[in-house]
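Q: Listed below, chain by chain, are the residues.
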Amino acid sequence: MKKRGKGIGSIFYGTGYGNGFPDVSRSVAVLRKDGKVKIYTGATEVGQGSKTVLSQIAAETLGISIEDVIFICEDTSITPDAGTAAASRQTYNTGNAIKKSCEELKRKIIDVTVKASGADAWEEINLRDVALNHKGQILKGEGEFIAETTEMKDETGQGNPYWPYTFNVYGVEVEVDTTNGVVEVIKAVCAQDVGRAINPKLIEGQMDGGFAMGLSYALFEDLNIKNGEIKHNKLTNYLIPTAMDVPDLEKIIVEDPEATGPYGAKGIGEPVMIGVAPAILNAIYDAIGVRITELPATPNKILLALKKKREVAL
Amino acid sequence: MKLHVVGQNNMRVDAAAKVTGKALYPEDVSLEGMFIGKTLRSHKPHACITIDTSRAEAMEGVVKVLTYKDVPHNHYGVLMKDHEVFCSEKVRRIGDPIAFVVAVDEEVASKALAKIKVEYRELKAVFDPEVAMHQDAPKLHGESNIVYHYKLRQGDIEKGLEESAVVVENTYVTPMVDHVFLQPEAGVAHMEKDTIVVTTATQYPHFDQLEIAEALEVEKEKVKVINAAVGGAFGGREDITLQIHLALATKLTGKPVKAVYSREESFIAHAKRHAMVMTYKTGADEEGKLKAMEARIIGDTGAYASWAINIMRKAGVHATGPYEIPNVKVDSYAVYTNNPFGGAMRGFGATQPPIAHEQQMDMLAEALNIDPISIRLTNAFKIGSKTATGQILKDSVPLRQCIEAVAEKLGFSVVSRGV
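Chains as they are written, first to last, in the numbering used here: chain A, 1 to 314; chain B, 1 to 419.
Hints in this document: simulated from the structure, not taken from any laboratory.
Bear in mind the structure is a predicted one, so any value in this text is a computation, not a measurement.
It is possible that part of the hints are untrue.
Claimed, not checked - Listing some non-contacts, in silico: residues in chain B with all C-beta distances to chain A over 10 angstroms:
(1) 142
(2) 156
(3) 157
(4) 286
To be verified - Below, a list of computed lysine-lysine pairs in the BS3-like style, where the Cα atoms sit at most 27 angstroms apart:
(5) 108/A x 2/B
(6) 2/B x 106/A
(7) 2/B x 38/A
(8) 231/A x 115/B
(9) 153/A x 382/B
(10) 124/B x 226/A
(11) 111/B x 231/A
(12) 2/B x 36/A
(13) 38/A x 222/B
(14) 2/B x 140/A
(15) 81/B x 222/B
(16) 139/B x 81/B
(17) 69/B x 115/B
(18) 193/B x 255/B
(19) 382/B x 159/B
(20) 81/B x 151/B
(21) 308/A x 281/B
(22) 224/B x 64/B
(23) 111/B x 234/A
(24) 3/A x 309/A
(25) 115/B x 234/A
(26) 151/B x 139/B
(27) 81/B x 69/B
(28) 36/A x 22/B
(29) 220/B x 193/B
(30) 140/A x 115/A
(31) 64/B x 222/B
As the list claims (entries may be wrong) - Facing chain B, from chain A, some residues (calculated, C-beta under 8 angstroms):
(32) 59
(33) 159
(34) 164
(35) 168
(36) 197
(37) 221
(38) 259
(39) 275
Ideal Cβ positions, reconstructed from N, Cα and C, are used throughout, including at glycine.
Generate the whole structure from the sequences, applying the supplied hints.
A: What follows is the structure, given as structure tokens:
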């Protein structure tokens with residue numbers, strides 16, 4: 001018999017290294033000879049879209065188009081350290097560093113331009129002309145951002161370990177086949193707090209990816225470790241979802257700008273996957289009245305739990 | 001604020017290169033005259049070893065076989081430096097690197113791996129973190145397997161549980177899982193005059209640079225890390241895998257050296273999400289207002305600490321979920337075992353506790369005959385809320401909006417409970 005149920009998963013996530021550990025990002029913005037702006041930073045593009053989002057922050061700050069931002073992040077010998085591409089920290093931390101470096105570059109450009117021509121409105125300044133008129137002079141701005149975090153007390157764990165916090169809520173509807181134990185997610189909604197969306201499409205991409213990864217954590221992934229040995233060590237036995245297993249996700253971006261974020265943005269790379277598994281587990285209970293307390297919720301575990309429930313009822 | 005670029009759906013700046021195949025991933029990089037490197041790994045979870053590489057080194061086409069003897073400073077790790085670049089006396093997990101063959105091609109390198117003789121004298125191993133916490137359990141490093149204990153205390157837990165109309169208890173278990181990024185580890189190292197250049201895919205090139213320099217005992221400025229296109233990471237590229245092996249191989253041979261892991265080797269080479277056992281006790285009053293939450297969380301960090309301290313701390317801080325609870329007691333532990341090592345993975349310790357706290361919320365709701373949405377809204381963080389660590393949430397807390405949006409879209413008002 002197929003039974004349906006709904007479940008919700010609601011979470012918070014603290015950005016950054018945490019607990020007072022120095023969490024520093026750096027950026028250098030340089031005006032190029034052709035009027036384009038180079039951004040040098042050690043922030044890695046791991047596929048999450050940081051190169052694009054961080055370029056947008058630079059373009060916004062300088063009032064130029066994203067095509068005029070040259071983003072360099074691949075070489076330790078020419079880029080400043082911007083910390084790791086982790087802890088959902090690059091948009092927030094390095095975004096702030098880039099914004100600062102661009103603001104400083106902007107001040108310097110205004111400074112030399114006002115001295116030279118008397119132009120005072122940023123909109124009247126043509127960066128190509130500035131670069132031409134100041135050949136031989138390197139116009140650059142440097143930016144550093146240090147995240148807010150304090151070390152917690154040893155005995156009580158009290159303190160302000162992270163900032164900011166990001167919120168995520170998933171709701172799912174599942175269909176559980178009580179004859180074979182298969183759980184199918186048939187409907188899913190995600191509401192993601194983003195502070196401010198720098199690039200909504202990229203946020204939606206993260207939500208889709210996070211949903212698939214969370215669904216996989218809830219229902220499929222099992223390394224089958226026996227006496228320290230990973231028995232499921234290839235993609236023929238370590239199951240991850242295909243497009244057939246992942247339904248369309250309804251995506252809701254919730255904007256509530258964070259005062260300390262670049263243009264109000266917060267990091268979302270991790271939060272987007274966290275609410276999925278608990279929502280699925282709650283939906284399974286709603287459908288068939290059994291709590292799966294050990295991941296993954298494989299057909300075998302579902303059938304065993306149902307059997308146990310029937311035995312208790314007898 | 002009027003914004004002209006922020007908020008726009010700009011196309012990814014790296015999209016064209018990636019969809020046309022122009023983007024260079026480390027596996028795509030080939031340098032003239034380069035050697036191929038392959039790693040010999042432990043087959044035992046806990047053993048003393050002796051290594052004989054002489055037969056492999058005598059083979060035609062084998063340039064060098066690197067072992068611990070070749071590493072100036074044989075230690076690395078993101079926090080504890082408890083990894084050895086190559087195991088010297090003891091292996092602590094299946095997959096620990098023991099040697100690295102540098103050969104003219106892959107075939108020779110593979111054959112040479114089989115010629116290296118490793119004698120294992122097996123030691124008693126421990127795979128269950130709760131067993132590993134006992135004083136008489138086999139030890140992985142030093143005197144105790146408990147790497148870290150995070151204590152969170154707020155209010156009076158006993159009083160809070162007493163004052164609760166309903167208390168629910170359960171134990172939740174989550175396994176280790178893999179990141180399964182698309183592109184298994186690969187890299188090429190070469191010399192640029194006296195600078196060692198390592199081209200790889202990493203989450204943090206400046207930290208890799210530091211770890212390579214420390215292991216090789218060279219100045220940081222004499223190491224350059226080039227981050228090629230990265231085929232996904234999710235935390236799995238935070239710990240070093242092949243970077244030091246390649247750097248050392250090119251430094252000692254003077255020639256470019258490349259290594260590419262198979263999917264199977266990738267599974268064994270990098271960290272896993274921490275397996276956790278989470279025992280929860282949560283109490284609420286008749287209106288569904290949370291009064292108390294007690295949790296004991298044990299995280300299995302396997303053979304090495306990696307980020308265990310930060311991860312189990314994050315698990316402890318996030319153990320309550322996004323709810324105001326006046327009385328909280330959390331004990332979160334990171335424990336060594338002879339399992340694969342635990343490390344960073346998307347969520348970083350904040351992914352596991354919701355498996356517990358969100359089911360606890362639904363159990364409380366059912367016991368109190370309240371719906372799952374209302375109980376969450378009753379307790380949800382808002383501006384001015386105090387977290388269990390005493391932190392005041394001063395800005396941007398749109399949790400209620402998120403819950404209400406999901407409830408509306410999924411039609412949660414008509415929840416029918418149970419079978």
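Q: Would you mind marking each hint as holding or not holding in the structure?
A: The hints, checked one at a time:
no., hint, verdict
1, 142, "holds, 20 angstroms"
2, 156, "holds, 13 angstroms"
3, 157, "holds, 12 angstroms"
4, 286, "holds, 22 angstroms"
5, 108/A x 2/B, "holds, 23 angstroms"
6, 2/B x 106/A, "holds, 18 angstroms"
7, 2/B x 38/A, "holds, 24 angstroms"
8, 231/A x 115/B, "holds, 25 angstroms"
9, 153/A x 382/B, "holds, 24 angstroms"
10, 124/B x 226/A, "holds, 15 angstroms"
11, 111/B x 231/A, "holds, 24 angstroms"
12, 2/B x 36/A, "holds, 23 angstroms"
13, 38/A x 222/B, "holds, 25 angstroms"
14, 2/B x 140/A, "holds, 26 angstroms"
15, 81/B x 222/B, "holds, 21 angstroms"
16, 139/B x 81/B, "holds, 17 angstroms"
17, 69/B x 115/B, "holds, 18 angstroms"
18, 193/B x 255/B, "holds, 11 angstroms"
19, 382/B x 159/B, "holds, 25 angstroms"
20, 81/B x 151/B, "holds, 24 angstroms"
21, 308/A x 281/B, "holds, 23 angstroms"
22, 224/B x 64/B, "holds, 23 angstroms"
23, 111/B x 234/A, "holds, 23 angstroms"
24, 3/A x 309/A, "holds, 16 angstroms"
25, 115/B x 234/A, "holds, 26 angstroms"
26, 151/B x 139/B, "holds, 23 angstroms"
27, 81/B x 69/B, "holds, 18 angstroms"
28, 36/A x 22/B, "holds, 24 angstroms"
29, 220/B x 193/B, "holds, 15 angstroms"
30, 140/A x 115/A, "holds, 17 angstroms"
31, 64/B x 222/B, "holds, 23 angstroms"
32, 59, "holds, 4 angstroms"
33, 159, "holds, 6 angstroms"
34, 164, "holds, 6 angstroms"
35, 168, "holds, 7 angstroms"
36, 197, "holds, 6 angstroms"
37, 221, "holds, 4 angstroms"
38, 259, "holds, 5 angstroms"
39, 275, "holds, 7 angstroms"
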